[in-house]
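**Q** Residue numbers (UniProt numbering): 1 to 77.
Worth flagging that the hints you see were computed from the coordinates, not collected in a lab.
Certain hints may be false.
[Stated by the list, open to error] Derived pair list, reagent style DSSO-like, types lysine-lysine, alpha-carbon separation capped at 30 Å:
| id | residue 1 | residue 2 |
| --- | --- | --- |
| 1 | Lys62 | Lys48 |
| 2 | Lys22 | Lys60 |
| 3 | Lys62 | Lys22 |
| 4 | Lys48 | Lys60 |
| 5 | Lys48 | Lys22 |
[To be verified] The following label-pair restraints were derived from C-beta to C-beta distances:
| id | residue 1 | residue 2 | range |
| --- | --- | --- | --- |
| 6 | Ser40 | Lys60 | 15 to 25 Å |
| 7 | Glu56 | Pro18 | 30 to 40 Å |
| 8 | Met13 | Ser72 | 12 to 22 Å |
| 9 | Asp17 | Glu56 | 14 to 24 Å |
| 10 | Thr76 | Asp11 | 15 to 25 Å |
| 11 | Ala77 | Asp11 | 12 to 22 Å |
| 12 | Asp46 | Asp66 | 29 to 39 Å |
| 13 | Met13 | Lys62 | 11 to 21 Å |
Bear in mind that the values here come from a model prediction, so they are computed numbers and not experimental data.
Beta carbons: idealized from backbone N, C-alpha and C, even for Gly.
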Amino acid sequence: MNRNEFLAALDEMLELDPGTLKGGEELDGIDSWDSLAVISFIALVDEKFNTVVAGEDLAKAKTVDDLLALVSDHVTA
Numbered sequence: 001m002n003r004n005e006f007l008a009a010l011d012e013m014l015e016l017d018p019g020t021l022k023g024g025e026e027l028d029g030i031d032s033w034d035s036l037a038v039i040s041f042i043a044l045v046d047e048k049f050n051t052v053v054a055g056e057d058l059a060k061a062k063t064v065d066d067l068l069a070l071v072s073d074h075v076t077a
């Protein structure tokens, strides 16, 4: 999966218009980023990459780029 495909999956997961997320967005500024979205992100990563994101790492994420960094081993440029 490349970066754009992953951003598209995040757009869909967060019920945003396709192409909304670019990477630099602050998670706090995304209305649909809440506790349910965190669980959905964990499920998305598990489904797509068969890996589990550590909760303490996810709690440190402040931007969409931070989320991408958590899966950088699986997402190509």
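**Q** Which numbered hints turn out to be false for this structure?
**A** 9 and 12
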